[in-house]
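Next come the chains, spelled out residue by residue.
Protein chains: 2
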Amino acid sequence: MLSEFDLIKRYFAHHSAPDAMLALGVGDDCALLNPTPGMQIAISSDMLVSGRHFFPDADPFLLGHKCLAVNLSDLAAMGAKPLGFTLAFSLPEANPAWLEQFARGLLSLADAHQCRLIGGDTTKGPLNICITIFGELPKDSALRRDAAQIGDDIWVSGSLGDARLALAAYWKEVALSESDHQRAAQRMHQPTPRIALGIALRGIAHAALDISDGLAGDLGHILERSGLGATLFVDQLPAGSVLQQQTLELRRQFTLTGGDDYELCFTAPASRRADIIAAGHTSNTPVTRIGQIEAATGLRLMDDQQQPIRMTLHSFDHFSTP
Amino acid sequence: MLSEFDLIKRYFAHHSAPDAMLALGVGDDCALLNPTPGMQIAISSDMLVSGRHFFPDADPFLLGHKCLAVNLSDLAAMGAKPLGFTLAFSLPEANPAWLEQFARGLLSLADAHQCRLIGGDTTKGPLNICITIFGELPKDSALRRDAAQIGDDIWVSGSLGDARLALAAYWKEVALSESDHQRAAQRMHQPTPRIALGIALRGIAHAALDISDGLAGDLGHILERSGLGATLFVDQLPAGSVLQQQTLELRRQFTLTGGDDYELCFTAPASRRADIIAAGHTSNTPVTRIGQIEAATGLRLMDDQQQPIRMTLHSFDHFSTP
Numbered sequence: 000m001l002s003e004f005d006l007i008k009r010y011f012a013h014h015s016a017p018d019a020m021l022a023l024g025v026g027d028d029c030a031l032l033n034p035t036p037g038m039q040i041a042i043s044s045d046m047l048v049s050g051r052h053f054f055p056d057a058d059p060f061l062l063g064h065k066c067l068a069v070n071l072s073d074l075a076a077m078g079a080k081p082l083g084f085t086l087a088f089s090l091p092e093a094n095p096a097w098l099e100q101f102a103r104g105l106l107s108l109a110d111a112h113q114c115r116l117i118g119g120d121t122t123k124g125p126l127n128i129c130i131t132i133f134g135e136l137p138k139d140s141a142l143r144r145d146a147a148q149i150g151d152d153i154w155v156s157g158s159l160g161d162a163r164l165a166l167a168a169y170w171k172e173v174a175l176s177e178s179d180h181q182r183a184a185q186r187m188h189q190p191t192p193r194i195a196l197g198i199a200l201r202g203i204a205h206a207a208l209d210i211s212d213g214l215a216g217d218l219g220h221i222l223e224r225s226g227l228g229a230t231l232f233v234d235q236l237p238a239g240s241v242l243q244q245q246t247l248e249l250r251r252q253f254t255l256t257g258g259d260d261y262e263l264c265f266t267a268p269a270s271r272r273a274d275i276i277a278a279g280h281t282s283n284t285p286v287t288r289i290g291q292i293e294a295a296t297g298l299r300l301m302d303d304q305q306q307p308i309r310m311t312l313h314s315f316d317h318f319s320t321p
Numbered sequence: 000m001l002s003e004f005d006l007i008k009r010y011f012a013h014h015s016a017p018d019a020m021l022a023l024g025v026g027d028d029c030a031l032l033n034p035t036p037g038m039q040i041a042i043s044s045d046m047l048v049s050g051r052h053f054f055p056d057a058d059p060f061l062l063g064h065k066c067l068a069v070n071l072s073d074l075a076a077m078g079a080k081p082l083g084f085t086l087a088f089s090l091p092e093a094n095p096a097w098l099e100q101f102a103r104g105l106l107s108l109a110d111a112h113q114c115r116l117i118g119g120d121t122t123k124g125p126l127n128i129c130i131t132i133f134g135e136l137p138k139d140s141a142l143r144r145d146a147a148q149i150g151d152d153i154w155v156s157g158s159l160g161d162a163r164l165a166l167a168a169y170w171k172e173v174a175l176s177e178s179d180h181q182r183a184a185q186r187m188h189q190p191t192p193r194i195a196l197g198i199a200l201r202g203i204a205h206a207a208l209d210i211s212d213g214l215a216g217d218l219g220h221i222l223e224r225s226g227l228g229a230t231l232f233v234d235q236l237p238a239g240s241v242l243q244q245q246t247l248e249l250r251r252q253f254t255l256t257g258g259d260d261y262e263l264c265f266t267a268p269a270s271r272r273a274d275i276i277a278a279g280h281t282s283n284t285p286v287t288r289i290g291q292i293e294a295a296t297g298l299r300l301m302d303d304q305q306q307p308i309r310m311t312l313h314s315f316d317h318f319s320t321p
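Taken in sequence, the protein lines are chains A and B. With numbering that gives the first Met the number 0, letter number 147 in the first sequence gets 146, and the count goes up by one each step, no holes. With numbering that gives the first Met the number 0, letter number 97 in the second sequence gets 96, and the count goes up by one each step, no holes.
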């Protein structure tokens with residue numbers, strides 16, 4: 000059996016050599032960061048629990064990817080550049096094959112974003128993974144949830160709903176071909192954090208967040224914190240490539256309420272439409288205009304004929320769902 | 000049933016109002032910190048798992064205290080001043096009475112150290128608490144594990160072994176009177192992070208760490224990373240007030256290997272003895288000189304008659320213990 004220190008060393012310590020930003024990494028009581036003068040530090044923590052956020056038999060490579068991706072996505076939603084992260088996890092057993100794959104999935108995504116593992120903690124227990132991530136951004140440039148303004152366009156990156164569709168297929172709520180299921184499942188297992196887009200939107204977008212629990216519910220947080228309302232053009236929502244082939248009703252339901260997409264939803268003045276489209280190009284990320292911020296509170300859903308749609312929306316909540 | 004957002008808001012959000020250091024707290028994708036120019040950020044993550052780090056029926060007030068205390072202790076061991084922390088936890092159920100007590104224990108210690116809750120995540124699952132803490136300290140003043148030097152004195156704060164003694168009494172390995180058991184258990188449940196001492200030791204001590212797994216094993220990390228060895232004066236080790244009344248053998252075993260003490264072990268040149276004692280006074284923390292750093296690697300144990308002691312030492316390891 001590997002000891003706690005062996006575990007950290009063997010799979011993760013190679014990744015933690017000090018550099019200019021990182022004065023001290025894994026292996027001391029604390030890691031030490033040297034902040035860049037004039038920059039703010041953005042910080043986010045996410046905990047992923049076996050059986051709730053992922054299947055107990057999840058592929059460890061994909062799981063490693065996803066754990067970091069959801070945290071990178073929080074940085075993207077603020078417009079922050081990744082610096083590093085801490086990893087604390089409990090494991091039922093120290094399985095070397097599992098750990099090696101988990102570390103590969105995690106660290107390959109970390110490398111792609113130059114985001115360093117700077118500290119950690121391992122313990123025995125039910126599988127539970129907690130990552131705290133650090134990024135930086137120029138002072139007062141953060142894309143906050145409370146910054147939407149009346150008349151702003153609402154935009155979304157990439158496409159929505161395929162992750163939820165994959166889950167529906169696992170649950171046998173819908174039938175998908177094997178290849179469609181795999182394609183949709185990739186959106187669930189390997190979300191793409193929109194870091195480059197988030198950085199490109201600094202100074203252009205007003206409010207932003209990442210969609211983890213479903214567009215309607217997450218947009219609701221922007222509306223609530225900004226004290227405003229919105230109309231969404233439901234049939235303009237960019238459905239994932241597999242979801243596109245499903246019924247109108249399913250498309251609407253899953254683009255509006257499907258969780259696990261990790262796309263950015265953001266607002267910006269109509270005068271900046273060309274800049275938004277340019278930011279999408281430079282960051283190689285599709286962007287779609289999907290609605291409008293309004294003074295009247297509440298969320299209104301509109302179809303292609305400008306007619307209101309009545310739907311019951313269920314956002315994902317870890318304590319309210321069965 | 001409370002929703003995830005309600006939970007965070009009701010028990011924790013009052014604590015997260017922005018101030019000069021904290022540009023944005025709980026409720027957005029990330030918290031934002033404004034680093035003080037010229038300072039480094041110290042970061043540490045600890046995960047506490049039910050049934051391993053605490054009893055499943057642990058008093059939630061004491062548990063809240065302990066979860067933050069062990070993280071503050073990591074800051075103390077670097078000489079860092081606390082700034083803030085994130086709290087991610089999974090809970091089997093959203094029990095308001097439990098949460099209220101947990102928050103009280105956690106936030107009262109946070110207030111005492113002016114350490115703000117800046118972000119969090121809650122989810123449903125086996126009870127698991129992950130805190131990531133942030134502190135700051137002047138550049139190049141950190142008390143690192145790899146900085147011990149030949150001839151350094153070895154010091155320890157406070158007293159050792161009562162937490163381990165309380166555990167031994169729970170396990171019926173030793174018999175204690177009810178009042179002794181309660182007194183020892185307080186050391187296990189409510190460790191005192193040695194923040195003021197850590198700060199007072201900046202520029203005086205060479206190496207430092209906090210004792211979580213037992214003095215002998217933890218000092219071993221300083222020795223390994225510094226490439227040196229040491230002699231410990233075993234009968235000089237300051238036993239806790241309850242452990243003092245136990246047999247010599249138990250005193251030696253538990254002061255050397257008892258975990259959960261969260262005292263600081265640090266090294267400093269013999270020329271700074273008066274400064275160390277002054278640092279103990281200004282921080283209102285007892286300090287005891289317990290050994291010496293030497294060139295020959297390995298840890299040697301010496302009794303009051305300068306005779307070597309032979310003992311089998313078992314350090315605590317989450318994966319190696321049954």
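Possibly wrong hints are sitting among the right ones.
Since the list gives no way to pick one copy over another, a pair counts as held whenever it fits inside one copy or between any two copies.
What the hints assert, rightly or not - With a Cα cut of at most 20 Å, we get these calculated SDA-like pairs of lysine to any residue: (1) K138 <-> K171; (2) K171 <-> P125; (3) K138 <-> N33; (4) K171 <-> Q181; (5) K123 <-> L166; (6) K138 <-> D58; (7) K171 <-> E92; (8) K123 <-> G50.
If you're looking for bench data, these hints aren't it; they were derived computationally from the structure.
Hints versus structure:
For the identical chains of this complex, K138 and K171 are neighbours neither inside a copy (48 Å) nor across copies (57 Å), given an alpha-carbon limit of 20 Å. In this assembly of identical chains, the alpha carbons of K171 and P125 never lie at most 20 Å apart, being 27 Å within a copy and 27 Å across copies at closest. Taking the shortest alpha-carbon separations for K138 and N33, both the intra-copy value of 16 Å and the inter-copy value of 8 Å come in at or below 20 Å. For the homomeric pair K171 and Q181, the shortest alpha-carbon distance inside one copy (14 Å) is at most 20 Å, but the shortest distance between copies (54 Å) is not.
In this assembly of identical chains, the alpha carbons of K123 and L166 lie at most 20 Å apart only when taken from different copies (19 Å versus 29 Å within one copy). Taking identical chains as interchangeable, the C-alpha atoms of K138 and D58 are never at most 20 Å apart, the minima being 39 Å within one chain and 42 Å between chains. Proximity of K171 and E92 under a CA criterion of 20 Å is satisfied in neither setting, with 32 Å inside one chain copy and 28 Å between copies. Taking identical chains as interchangeable, the C-alpha atoms of K123 and G50 lie at most 20 Å apart whether they share a chain (17 Å) or sit on different chains (10 Å).
In summary, the structure is inconsistent with hints 1, 2, 6 and 7 from the numbered list given earlier, while agreeing with the others.
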